[in-house]
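**Student:** Chain A is fixed; fit chain B onto it per the hints.
There are 2 protein chains.
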Amino acid sequence: MKIAVLGYGTVGSGVVEVIRRNKDSIAKRAGEEIDIKYVLDLRDFPGDPVQDILVHDYEQIVNDPEVGIIVEVMGGVEPAYTFVKRALLAGKSVCTSNKELVARHGAELLEIAKERALNFLFEASVGGGIPIIRPLNQSITADEIEEITGILNGTTNFILTKMRDDGCSFEDALKEAQSLGYAERNPAADVEGFDACRKLAILTSLAYGMHVSFEEIQTEGITNITAADIAYAKKFDMAIKLFASSRKVGDNIFALVAPKMVGVNNPLYTVNGVYNAILVHGNVLGDVMFYGSGAGKLPTASAVVSDVVDATKHKHVNIMQIWSTKKLDLASNEGLVNNFFVRLPKDERKTAWDRLEILKTALLDDYPNEFAILTSPMSEKEFAEKTEGMHVISYIRAQA
Amino acid sequence: MKIAVLGYGTVGSGVVEVIRRNKDSIAKRAGEEIDIKYVLDLRDFPGDPVQDILVHDYEQIVNDPEVGIIVEVMGGVEPAYTFVKRALLAGKSVCTSNKELVARHGAELLEIAKERALNFLFEASVGGGIPIIRPLNQSITADEIEEITGILNGTTNFILTKMRDDGCSFEDALKEAQSLGYAERNPAADVEGFDACRKLAILTSLAYGMHVSFEEIQTEGITNITAADIAYAKKFDMAIKLFASSRKVGDNIFALVAPKMVGVNNPLYTVNGVYNAILVHGNVLGDVMFYGSGAGKLPTASAVVSDVVDATKHKHVNIMQIWSTKKLDLASNEGLVNNFFVRLPKDERKTAWDRLEILKTALLDDYPNEFAILTSPMSEKEFAEKTEGMHVISYIRAQA
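Protein chains in written order, with this note's numbering: chain A, 1 to 400; chain B, 1 to 400.
Hints in this document: simulated from the structure, not taken from any laboratory. Mixed in with the good hints, there may be bad ones.
Stated by the list, open to error - Rough simulated footprint, nothing fancy, chain B against chain A, three-plus residues with beta-carbon under 8 Å:
#1 21-29
#2 118-132
#3 142-153
#4 298-312
Stated by the list, open to error - Dumping the calculated DMTMM-like pairs for lysine to aspartate or glutamate here, alpha-carbon to alpha-carbon at most 25 Å:
#5 A:Lys235 - B:Asp165
#6 B:Lys326 - B:Glu216
#7 B:Lys28 - A:Asp329
#8 B:Lys326 - A:Asp165
#9 B:Lys313 - A:Glu144
#10 B:Lys313 - A:Glu146
#11 B:Lys248 - A:Glu32
#12 B:Lys327 - A:Asp24
#13 A:Lys313 - B:Glu111
#14 A:Lys326 - B:Asp165
#15 A:Lys114 - B:Glu33
#16 A:Lys313 - B:Glu32
#17 B:Lys23 - A:Glu33
#18 A:Lys315 - B:Glu32
#19 A:Lys346 - A:Glu380
#20 A:Lys28 - B:Glu111
C-beta: ideal position from N, C-alpha, C; glycine also.
Bound conformation, chain A alone (with noise of 0.2 Å):
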């Protein structure tokens, strides 16, 4: 099986390195040897290996009818959007880390793989080298999916941690993880949350079959949790984590992108530092979960390239997928129920009590002046209600 790979980055150059490493054990799992014929990339690099088999020009790629897979590991909408589109037209298979992409255009690329018996694979565009999109497409098949939850942004989660941790401000944790290359200099696409927001499109669409478009998830990131937050949920022998979840109550669907508070009970409670998980509760599995690097070069790169050894396995077989282009509507999140952890100042003690049902209050000497509760669970839009006009320092969701 010959290969091209779209960009030699960081995620590139070790697909490259996976497939050179472990030549002979791929071979024995493909059941033919995987050959990288081209690697396209504006640049050069002179000394590389690589720049014998580099090409400027993706034409060349296109039209060379040798090339059976294309792996598209450059990122961004475009021009990826393109070049695997024209890819699939052109009879080749697919597979990809660049999850901009398949969030965006992933039923209408599976769609066009399917009408031709081609394959557009992208397990390593959530969760790195977890394997996620194969188990909720081949594994998790005989059950009815009621929540899938995610730590799906490794950077975010390193953030948490540190914070826990050192006790330190996001600002500070933010500086380290910038410091150790965990997190970009422009760091919004993961502390807005929207990196994982656009993974829990992809996951979602995928579980139910339909397109979720994630302009639509509501997303909050964790700019705005402070290291009082972070206290008081250690108080509460709690953890705040960046999740990502979707849940199915009755016909509802319901989305959201938000830290949450939650206690040792919760399988994600222990994911620290870079580590990515995925819980899935299904209406007769129960709870999976699914742990392990969610990025960095060889783990990413372990899962595209299992891509390229599935798709090399099914040469003229679609594997099918059952993400359809039929739009998802999501529910409007007013009615998705939680508990709630709320700082108040002292002065709402009385009304806190008098409109809330509260499980736990704690005090801390740092910050005398405030209380903290933690609520029975309430929907969005009650909590909105009961809290309007109090004078609520911060909350997060919580799993009491």
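**Tutor:** For chain B alone, coordinates are given in the frame of chain A:
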């Protein structure tokens, strides 16, 4: 797709329930309706809806050309083996939850299935509802697998968790497990590690593509674990788990089922109660972990039915498995390297410090005549040599 279910016990009745309850979503995933034409059981079930399709004679099933898939959930090697082999020879795919059958005859049955472009699937044989067989076979294909470590037996994990939570003895925790239905009246298969051993044989065979004889896997249970061991583990901030583990070091493949003491940094540390988890370490992927309900009627049935869906989608296509009939020769565990937790009487103190490299020590008021140590890593052979003649109260392999 017409199927037959062999055995209407716990898992069999779960399979019937799952297929009926999730009929629509399963049909969508499989591409057609799954219809249970027969249930085979020696017993009758008057009043049960299954009574209408109940048969007592396997001939009726195996000779019916309409039946495309046979679900074997009887357990035990015979008559399961005979039935399954005949099913494959008659051109029917087989899905089974039967770990004894798969561990003993998996390689042969896979070969027959492959020759006939059928499928022999066994997702439910390891880890109950946790997707692990399919991910090993289809997802983790770009890696050389360097380690698989599982908590593969819920009964023993429940007992060890109970001993830790309550400080009780093995016997008392076992009684509790029995009264809750988590342990059999004769608990040997679980507590002696035999069940975990068979599951490890299956995972190791799949990971390395050759047949591992479960009889050759060194297997130690948890019957010798005492309240004192658990108390020391707590003191060290560690936990004792029954690990079923295979490791590839150079050209050697080691396999061992035995209790192990691990710290909070091991992702399996937090796997408690009846839950199962499997950690896979790939040479490029790093660690991934799969977590969920390792047993139970509906989770196990969910895994069986996911195999039925897969077999339906691959009617005349064998889903490649690389488990050949070639025998895998395990390396002698003499060369296997671990830390060791060791309890010694006080008068062995000098000898211990002379002979062993000691990382940590602990003293407990409740056990005034002894002390415990954590050693640096050494091979089993080296440990045996160094402690020869010493009065070791107990030892447990550890990961410090």
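**Student:** Can you list which hints this structure breaks, lowest number first?
**Tutor:** 8, 14, 17
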